[in-house]
Each structure stands twice: as C-alpha cells, then as structure tokens.
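Protein sequences, first through last, are from chains A and B. When we follow the working numbering, the leftmost residue of the first sequence carries the number 191, and every step to the right adds one. When we follow the working numbering, the leftmost residue of the second sequence carries the number 191, and every step to the right adds one.
Keep in mind that the hints were calculated from the coordinates and are not lab data. Any given hint could turn out to be false.
[Said to hold, decoys possible] Distance condition first, Cα-Cα at most 20 Å in a straight line; then the derived EDC-like pairs of lysine to aspartate or glutamate: (1) Lys590/B - Asp559/B; (2) Lys538/A - Asp433/A; (3) Lys550/B - Glu207/B; (4) Lys574/A - Glu207/A; (5) Lys538/A - Glu589/A; (6) Lys538/A - Asp559/B; (7) Lys574/A - Asp346/B; (8) Lys410/A - Glu429/A; (9) Lys602/A - Glu491/A; (10) Lys538/B - Asp559/A; (11) Lys410/B - Glu485/B; (12) Lys574/B - Asp346/A.
[Said to hold, decoys possible] Here are some of the chain B residues that sit facing chain A, going by a computed Cβ distance under 7 Å: (13) Gly417; (14) Asn442; (15) Gly443; (16) Pro523.
Cβ coordinates follow ideal geometry from the N, Cα and C atoms, glycine included.
Number of protein chains: 2
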Amino acid sequence: MDSDTKRLRRVAAELDEPVAANGLLHRRAFLRGGIAFTGFAAAAVTAHDAAAQAAAATGEKLSARTLMTQAVMGGPFTAYGQPARYERDAVREFTVNQLTPGTGSSRTPHHVLEGMITPSGLHFQRNHNGVPDIEPNQHQLLIHGLVKRPLTFTLDSLSRYPMESHIRFVECAGNNGGFNAAEPRQADVQAMHGLLSSSEWTGVRLAVLLDEAGVDPKGKWILAEGGDGASMSRSVPIEKCMDDAVIALYQNGERIRPEQGYPMRLLLPGFEGNMNVKWLHRIQVTPTPTFTKDETSKYTELMPNGKARQFMFQQPVNSFITKPSYQINLQGPGYYEISGLAWSGAGKIAKVEISADEGKSWAQAALVDPVLPMAVTRFRLPWKWSGQPLTLVSRATDEKKNVQPTRSQWLKLYAPNQGYKFNGITAWAADGTGQIRHVYI
Amino acid sequence: MDSDTKRLRRVAAELDEPVAANGLLHRRAFLRGGIAFTGFAAAAVTAHDAAAQAAAATGEKLSARTLMTQAVMGGPFTAYGQPARYERDAVREFTVNQLTPGTGSSRTPHHVLEGMITPSGLHFQRNHNGVPDIEPNQHQLLIHGLVKRPLTFTLDSLSRYPMESHIRFVECAGNNGGFNAAEPRQADVQAMHGLLSSSEWTGVRLAVLLDEAGVDPKGKWILAEGGDGASMSRSVPIEKCMDDAVIALYQNGERIRPEQGYPMRLLLPGFEGNMNVKWLHRIQVTPTPTFTKDETSKYTELMPNGKARQFMFQQPVNSFITKPSYQINLQGPGYYEISGLAWSGAGKIAKVEISADEGKSWAQAALVDPVLPMAVTRFRLPWKWSGQPLTLVSRATDEKKNVQPTRSQWLKLYAPNQGYKFNGITAWAADGTGQIRHVYI
Chain A
191 MDSDTKRLRR VAAELDEPVA ANGLLHRRAF LRGGIAFTGF AAAAVTAHDA
241 AAQAAAATGE KLSARTLMTQ AVMGGPFTAY GQPARYERDA VREFTVNQLT
291 PGTGSSRTPH HVLEGMITPS GLHFQRNHNG VPDIEPNQHQ LLIHGLVKRP
341 LTFTLDSLSR YPMESHIRFV ECAGNNGGFN AAEPRQADVQ AMHGLLSSSE
391 WTGVRLAVLL DEAGVDPKGK WILAEGGDGA SMSRSVPIEK CMDDAVIALY
441 QNGERIRPEQ GYPMRLLLPG FEGNMNVKWL HRIQVTPTPT FTKDETSKYT
491 ELMPNGKARQ FMFQQPVNSF ITKPSYQINL QGPGYYEISG LAWSGAGKIA
541 KVEISADEGK SWAQAALVDP VLPMAVTRFR LPWKWSGQPL TLVSRATDEK
591 KNVQPTRSQW LKLYAPNQGY KFNGITAWAA DGTGQIRHVY I
Chain B
191 MDSDTKRLRR VAAELDEPVA ANGLLHRRAF LRGGIAFTGF AAAAVTAHDA
241 AAQAAAATGE KLSARTLMTQ AVMGGPFTAY GQPARYERDA VREFTVNQLT
291 PGTGSSRTPH HVLEGMITPS GLHFQRNHNG VPDIEPNQHQ LLIHGLVKRP
341 LTFTLDSLSR YPMESHIRFV ECAGNNGGFN AAEPRQADVQ AMHGLLSSSE
391 WTGVRLAVLL DEAGVDPKGK WILAEGGDGA SMSRSVPIEK CMDDAVIALY
441 QNGERIRPEQ GYPMRLLLPG FEGNMNVKWL HRIQVTPTPT FTKDETSKYT
491 ELMPNGKARQ FMFQQPVNSF ITKPSYQINL QGPGYYEISG LAWSGAGKIA
541 KVEISADEGK SWAQAALVDP VLPMAVTRFR LPWKWSGQPL TLVSRATDEK
591 KNVQPTRSQW LKLYAPNQGY KFNGITAWAA DGTGQIRHVY I
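With the rest of the complex left out, here is chain A:
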C-alpha cells in the first residue's frame, strides 16, 4: 500500500465515524473539495457491485470484450425528443372512473427521478373535467369587477409585458393523504407523495395587470376562474395577488403544457395546487370570498370539533426520502446515499435532518444549491449500512422555523379522515435483506 492510499484510508476512517446512529455519516463525507478532502474513494471500494469488481480484475482486456459500440447507423434527428423506450417506470400513474374520465389525478414518479426539476411530461395533474383543448389565439384573460378599467388580455398583448421566471413547486392539498390510513400503506413514493411537482414558471406579475386595471379599495379578494368545463374557481386574497402571484405562460422554458393550464394559469407560490387555477380566463375583483363549489365542497379541513376550516392556503413544510424507498431497496451492506425532497409553502428550506433510529439521533443532510423559496430542495446524506434492520426518517425545517410534526402530533390537529395538508414525518423500514417497507413510528 503506497503512502497516498494510506493517507486516503486514514482520512476515510475518520469520516467513517457516524454522526448519528446506524451509520449516518457527515454530510460532507462524500464531497471532494469540500471543507476536507474526504477519501470517500478509498473507503468506498465496496460501493460498486461485485460483478464489476471481478471484471475489473482482468484490467485492460475488458475494453474489447465488454464494451458495445453501435455497429449500425443510429436513429434519426427528431423535431421533439422523447424519453428512452426503456424508461417504462418514468410515467404518471392514474386511475380513472369510467363514468367521469376527466375527473381525477395523475402522479409524478419521484422514486425514479433526480434533481429539482420535474419534467413537464411528468408533472402531476388534478383535473375536474379533463384537459380542455384551447386555441391560444382565441383565449382571453378578463380582469373585471371592483376595478376602474375592466381589461382583457390576449397572449399577444401579454407578450409585451415584463416577464418573471421562478422555480416553484405546485402541490395538491390532498398530497400525502394516504398517511392517514390506519395501517401503513405499502406503496411507492409516487403513490404516497406524487401530487407534487416542480417547474420553472415564466409569466407576468399579476400585480402589474391589476394595477393597470386599477383595483377599487373595496376589492379585497379575487375570484379566479378556469376555462375548463368545470369552470374551476377559487377565491384568493388581494394581498397574495399584489405580492408574488404570476400569470404563468411558460413551464420549463416552453409554453405551459395543456394539462398544466395551456395557455395560461395562475401561479400562487406556496399555495395549495387547486388555487393555481389552470386555463385561467377570468379574474373578478370582489369585496369578499365568493364561496365557490370548489372551496366549499372540497379543500376545507375538518377539525376535531366537527367544524371545517376554510381558506388555509399555504402548503406546510414537508419532506420525503426517495432513495431508499418502497421498491427502491438496498442491495446489501455498504455505502449509500440517502436522497429526497423537502419543500415549504412558507419560504426556503433551512434544514433537513435524517434519523436511522426512529428519531433518537439525527444527522443533518446536505441541501443542493440553489435553495429557493417555495421550491423543492433536494437533500443528500452519506450512509454506511451495516446490514441490520432499521428505520429511516426525514424531518424538514423551513426558514420560518416551521418543523414537520410527527404523524401522531399531526393526527391530533384534525378530525379523523381529514386528508388535506398532511406533513407528518414518514418512515421507511429496511429489513436485514434491504427490502423497504412503509412503517408508522
């Protein structure tokens, strides 16, 4: 063993000291060029699979035998690219009622995704009457009601306005609702947390358009109405409209996809998904909330005393682990990266902690830059699994010091079966073979 290798092994041994129980390592243990060079490499020879190691032993002779070069001309150029045909798991899952096939939802497959951007084709959907087919040049946005000058806007006229771009999440209020079940559901991250997606949205600040229309001082709310057959409509306080609300025209660089509101949607950063009205065609400034069917029959929160709380707009601080997770099992003892997503409707994520002993000890995960307000933040933590059974949990804290409650703390806040805005800590248990199950702690 030469001196370089000796040094690497020495540094690696130091960083191999867990910072919390059951093998959780310091968040910089895998980083090269961080505060300390960490020697992950020397320590992590076990991290690539046994077959690769055996093959590697034959050295230079590998090249010709194991590498495949395409022997024929590859595929042609295409005007609009698609995922590889092998990525059959990277699809939205949905269940449809045959009688009302336009009503329902589809979910983002976070268990097979990485990074912070959701591909537009995999953005979750929550539709109440299907996806309308809107000819963009026929579409208008009307702003009326308690304003000095009612105005209509076309895509052409909006194109002259100043634009803003923001990476922001949109999450259905009913996301994570499955954690309310009496027994832990054995289901993947897509099924449990898939009504959450993240995009770069570009559009015109709503305040600019409202200022142009001239809001009457008596106008304290707006009614936002979509052009779908359900006329999905919600009341929004004027303060939010004058703050960071955007008429979004583009999603991840291109025009908004049909199922996300083509040609325009309301973006209310941090507010529950249904308020980000899709296919937006009307904003009426009103003195009070309108109490539409979409905010009385749904999206209210039943309290322990039997009363329903209305207009709880902001999505709470939350997190989940994608790797490992249900059906993303461990492949034997050794080094792993624990990874997942955290987000909050109140602002930036400040901290994500991981526990491998059901909350008795915690290690702080690394947050991936850029950490943005009302955006998903990817977190990562190095881990050395001994092969023993254990339970992994994540706990996020936002910049306003909101912290995820435990599941039992959360359940006490609401009436039984209230399924909106669940943000309790969730847990994945690994058995001795590395198989992952959902458990309640």
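Given the structure of chain A, go ahead and fit chain B onto it with the hints provided.
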C-alpha cells in the same frame, strides 16, 4: 383622475426617463416592490392591444360574450404529457444529408422559449452517427489505462454513489458560426444561436470514480469515448476531470434523453459541447492527448498565420437578444421588454448591457435569479420604443471580466472562415414598422 392615479403617473414619468439612447429604461422600471415602486401599470396602458382596450370599454358585459368555457368533457389523463398541438414552432430544426442521415445537428428554438431551462425534447443535438439505441442494463462504463485498479460501472453500481445536480449549459463549438458570413444572414435566433441548451444535470462526480480507480501520477489526460457507431472520442486534461466533471445520468429530473447520451454522458461544465461525450462507455487515463479524429479533423481553430490551434476547450462569454429578434417583430410604438440569454464557460455572468444606438450608450439589464456558473442567465430590460428605426445590441461580461468583443475585433483573431467559438456582439435592426433584420455594426 384620482390622487392614486396621479401619483402613479408621476412616478411613471420619472422612470420613463431613458437611461440610454432610444428609450432604454432603468432595469427596475418594470419591477413592483423593487427599490422603488415604479408605476409601470399606469404608464403602460398602451401596452395591451387596441382590440382589448376597445373590448374593455364595454366593461362587465365582456364576460359572457368573450370568454369560452369548454362545453364538452376535456381530454383524458396521459402517462407522459406532450406540448399543446398549437405549438408548431416550438420544435428543433434540422437538415439531413440523405446519404448520412445520422450526421448533423438540430437546434433549440430560443426565439419561442422563455426562462433558463431548455425542455429536454428541444435540447440541441450534434450527432456523428445517429442516436444509438442502448439497453441500459447492458451498458458499462470502463475506467482503465494509467490507474491502479481498472473498474467498470453499471447503472446499478453508480446508483449507490453520491450524486450532484447542476444547472449548466451545453453549447456546440460551432454555435453562432453563421456570423462569419460576409453579409448578415436573415435568420432567426434558432438558426443563429440554437446549438446552445440548458438543463439540470444530475450524476456522479468523475473525480470520485477516478480516485477509486487510483490515477497514476503519469496520467495527465483522459480519453473519453462514446458508444455510438462513430465512437466519438475526445482528450480531456486530468485537471478538469478532477475538478467539476460529472458522469451525468439524469437531465431535467429524468434519465438523460437518448439524443443527449442515454444512459450516461460526460458533463464538462463550460467546455465545448462535443467534449461532453454522449453514450459514454470508456475513460482511459493517458499520459498525453490521444489526438483522435474528432480533435484533429474538427474542433480546431485556424489562426491568421495558417496554423491551427488545438484544445481550446472553454466556451467564451456570449449573449443574444430573443425579444425582439428576426421574425419576433415589434407591434407598434410603446412599451416592451427586451429579453435574451447570456452565458460564459468561465463562470457566472456579471453584467449584460443593452444599447439601442449601436453601442454609443448602454443600459444595464436585470439578470434573473438564480445566476449560476456555466449556466445560461436570462436578462431583461424595459424599453419604450418611439417607432423610429434603430439597432439593438447586447454585450455580456462574466465574473472573470471577459467581455464580448465586437464582430470586427473577433474576426481579426482568426483566419477567414474559422467558424468556431464566435462570441462577437450581434445586432438586430428595427425599421419604422417594427420589422427586425440582422445587421452588422
């Protein structure tokens, strides 16, 4: 006119004072809640089209007449979404040689895009033998040559390594080459600058894998080879490999698209596109460059003295205006936002300046957060066009103080017809009707 409107008009009048010739306004003039509330709204009544104003005059009666609500059930849920069928311009353009249909390029339509993310389906392509169809579980990455332990990696083994996510541009060295023509080409932003795209890339730091293999001190370069039929291969200095090089596995959240290197590519932030080898299957550590066909027959720079310069890896600081641009014409006098993209292989964009008088006076554009190194940065500037003919140009400066040269300065650096790495200032001229033409200044 009430006092509120009077105040708005007064503030607007102040911010209406151009900061540079021909109507360029302060970059905060459109921002609400910035240093000063700006009153854009009151000033910009002219910004929405005449038809909308006429319609608005009828006030409340608009709603029923002009808004269309879908009268039938909308479209069904889909497993993987697609753009609206009306977005026929948001496609990659490409020309194909019928004899070698896998050789060529396709271009990103930046003239119809917004924000900083390029949708994966619109990422430019530069292929030398088409798009190989690689079964991901059969694919291996071999690291060999001047290393202690030759290693192979599968997708499964790489999934256990620490991942990194970065929003970075990839740009073909031949992008912007059309500005070398004797006469300005009348072509859109896609044709002139479309070999540039921007994605969030996620993968494993190459240095971690090289450390694990143990690089021999005599190993000063690598050869990176792709698994396409052309075995596209380039030499890369070991310093870059040990710095920020990444084996990228994910693009914008999902597995890399086939035409961007599925299942893995080399990502060398800021380096010319072809070095970011796609369908990567072999890295050989070598004492010297390998002088492959792809770095001797192409991607060299012919100098005025007739000698060719090799291994000029870094893409230079650059910018272009997307709005207005060729075929994105002005629609009459009034307020507009000038918008475009800036980027540099050397780091972050520090500044983008706009001139509306061919470089005699300049206004500083607003840069859209987050401003990231080796990433495209969207810039925006408010503008009030009087209707007079003029020429718009943009000039970017990066954090290393590199500044775009003029076109004539750039031409003096190289032999005639050297088309790689053009980063000269480009210019769009508007005539009195608002039609945009490409001009040389």
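Now the hints, each set against the structure:
1. Proposed proximity of Lys590/B and Asp559/B is supported: the alpha carbons are some 19 Å apart, at most 20 Å.
2. Taking the CA atoms of Lys538/A and Asp433/A, the gap is about 17 Å. The hint holds against a cut of 20 Å.
3. At most 20 Å may separate the alpha-carbon atoms for a hinted pair to count; Lys550/B and Glu207/B meet this at roughly 18 Å.
4. Our distance criterion of 20 Å between C-alpha atoms is met by Lys574/A and Glu207/A, whose separation comes to about 10 Å.
5. As the CA atoms of Lys538/A and Glu589/A are separated by approximately 5 Å, the hinted pair is consistent with the 20 Å bound.
6. The suggested pairing of Lys538/A with Asp559/B holds, with an alpha-carbon distance near 15 Å, which does not exceed 20 Å.
7. With a CA separation close to 17 Å, the supplied pair Lys574/A and Asp346/B stays within the 20 Å bound.
8. Taken as a hint, the Lys410/A and Glu429/A pair is honoured in the structure, with Cα atoms around 8 Å apart against an allowance of 20 Å.
9. At most 20 Å may separate the alpha-carbon atoms for a hinted pair to count; Lys602/A and Glu491/A meet this at roughly 13 Å.
10. Straight-line distance between C-alpha atoms of Lys538/B and Asp559/A comes to about 15 Å, which keeps the hinted pair within the 20 Å bound.
11. Between Lys410/B and Glu485/B, the direct Cα distance comes to roughly 17 Å. Compliance with the 20 Å bound is thereby established for this hinted pair.
12. Between Lys574/B and Asp346/A, the direct Cα distance comes to roughly 17 Å. Compliance with the 20 Å bound is thereby established for this hinted pair.
13. Annotation: interface hint on Gly417/B holds; nearest CB of chain A at approximately 6 Å, less than 7 Å.
14. Residue-level restraint check for Asn442/B holds (minimum Cβ-Cβ distance to chain A is 5 Å; threshold 7 Å).
15. Taken as an interface hint, Gly443/B checks out: its beta carbon lies about 5 Å from the nearest beta carbon of chain A, inside 7 Å.
16. The interface hint given for Pro523/B is violated, since its Cβ lies 11 Å from the closest Cβ of chain A, which is over the 7 Å cut-off.
Violated hints amount to a single one, hint 16; each of the other numbered hints is respected by the structure.
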